[in-house]
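A.B. asks: These are the residues of each chain, in order.
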Amino acid sequence: MKKRQVHINKDHVVISIRGLEKSFGKNQVLRGINLDIYQGENLVVLGRSGAGKSVLIKILAGLMRPDKGEAMVLGKNVAQLHYRELDQLRLKIGFSFQHSALYDSMTVQENLEFPLRRHAKHLSEDEIQAQVRESLKAVGLLHAMNQLPSEISGGQRKRIGIARTLILRPQIMLYDEPTAGLDPITSMEINGLINHVQRQYHTTSVIITHDLTCAKATGDRVAMLLDGQFVRVGSFEEVFTGADPRIKSFYDYNFIT
Amino acid sequence: MQKQKRHRYVLSRQLDQFFFEVYAITKFTGQFFREVLLPPYEFREIVRQCYIVGYKSLALISLTSFITGIVFTKQSRPSLEEFGAASWLPSLVAIAIIRALAPLVTALIAAGKVGSNIGAELGSMKVTEQIDALEVSAVNPFRFLVVTRVLATTLMLPVLMLYMALIALMGAYLNIHANEQTSFPAFIQNAFQSITFLDIFSSVLKSAIYGFTIGIVACYKGFTTTRGTQGVGKAANTAVVAAMFLIFIEEMLVVQVINWFRN
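Those protein sequence lines, which keep their order, are chains Y and Z.
My numbering applies: residue 1 is where the first sequence begins, and numbers increase by one.
My numbering applies: residue 1 is where the second sequence begins, and numbers increase by one.
Calculated directly from the structure, the hints in this document are not laboratory data.
Computed from a prediction, not measured in an experiment: that's the story for all the values here.
Where a beta carbon is used, it is the ideal one built from N, C-alpha and C, also for glycine.
Take the hints with a grain of salt, since some may be wrong.
To be verified - For each label pair, taking beta carbons as the anchor points, the in silico distance ranges come out as:
(1) Y:Arg31 <-> Z:Arg34: 31 to 41 Å
(2) Z:Phe184 <-> Y:Ala120: 26 to 36 Å
(3) Y:Ser150 <-> Z:Arg227: 52 to 62 Å
(4) Z:Phe248 <-> Y:Val231: 52 to 62 Å
Model the full structure from these sequences, guided by the hints.
C.D. replies: Right under this line is the structure:
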């Protein structure tokens, strides 16, 4: 499935990564990476498990600190923000976790209400309920409103997770392995939802995955992370038409095995 | 020689780990005192946690305290009767329950029930990235999860202790009434003759300290869970063991301090 073209504002860099390094003990996962992400684009970061993809978006969301370099998000250096400024920035970022991270003591409805009750205190009860219904409708799960996360499937949890992050209308979406552990049809639905979010809400997204189908279906650009560095950045075709054997083997294994 | 070296190495590693744990939990407690004063205050969540810690423990506390009251009275009777002092039974039972049994038994039950619950809940939130999800949605997870739970255990333990003392005294009264036909007002008058304000105050204070300990230890263990589902089980288990261990140490220290006041 090829992605439909969307308008990307290349004059406006939303995320700028410069010389980013991160190590865990002796294991250096990010070795001075550089990248600019433009307003309105879906950038897919591809790489093997343990390549540091999730570390990268955790640094962008301020969940981890880099050892060196800077990650500028909406013009602010995330690692240097005071916690109040970081919270302000986080309201503009939506983070969709690999395992959805829905609060399992709350129903689906309460999960969606939670960010609104915390951060949109000007809204009336009716407005909160209307927004929750609208978000659930957008992901096609209005019927699951009163269920607990443990009572719904993995794919439904992913969609609810995305709906929860969207409810505060973020400018940036960070997706951590959005199709991991899902069957091909549910994966396709999630890919469609990611593209719908981009078109409908004009978000800039960073999608972390090792699933090439997801990369091809959702990415305007693909960045290949190997050995702690971006070895190639470009369209899906540009990245996979080169002669680099490491990229070639990644492609072959994804589609042959 | 080689074996000795190995033993020494293992021992030094375990000591390192122990001191690191002491340092980490002290730091965690320090963070609690910093965060508890800062707004926003999570009143709704505190009330919800008080309900979970307090109301949901009532059935267990009721049953164990009632049995404790009956058994303690039954076992004390022969010794007092030997000295012709059976009439002191209500006083003895009241002193034992209010000064020692109620705070300690309530704390041990709460450590088992509430401590393991908090350890497992926060542990599973940690390994399923729910704590990270709170953080990225601009909610301070420490304030929302830890401060509320520690405040709830600190506030609810004294209430549960007083409730436990009351039910245990009821159990004691039933046993005494069955043997001596004592009326309830006479039992209460006799029981509270030797109870002072300091007895009740010190038990309330002790319970608050035990409640704080249970909350802090369980939250710390849950918050620092690693290694997936196996880690969650370990967090729940070590939360209970560590809290019980600390409660006994605190009991010893607090009794010493209260005895200074008593003299």
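A.B. asks: Do the beta carbons of Ser150 (chain Y) and Arg227 (chain Z) sit within 52 to 62 Å of each other?
C.D. replies: Since the Cβ atoms of Ser150 (chain Y) and Arg227 (chain Z) sit about 22 Å apart, the hinted range of 52 to 62 Å is violated.
A.B. asks: Determine whether the Cβ-Cβ distance between Phe248 (chain Z) and Val231 (chain Y) falls within the hinted range of 52 to 62 Å.
C.D. replies: 59 Å, holds
A.B. asks: Do the beta carbons of Arg31 (chain Y) and Arg34 (chain Z) sit within 31 to 41 Å of each other?
C.D. replies: 36 Å, holds
A.B. asks: Mind checking the hinted window 26 to 36 Å against the Cβ distance between Phe184 (chain Z) and Ala120 (chain Y)?
C.D. replies: 56 Å, violated
Violated hints for the displayed structure, listed by number in ascending order: 2 and 3.
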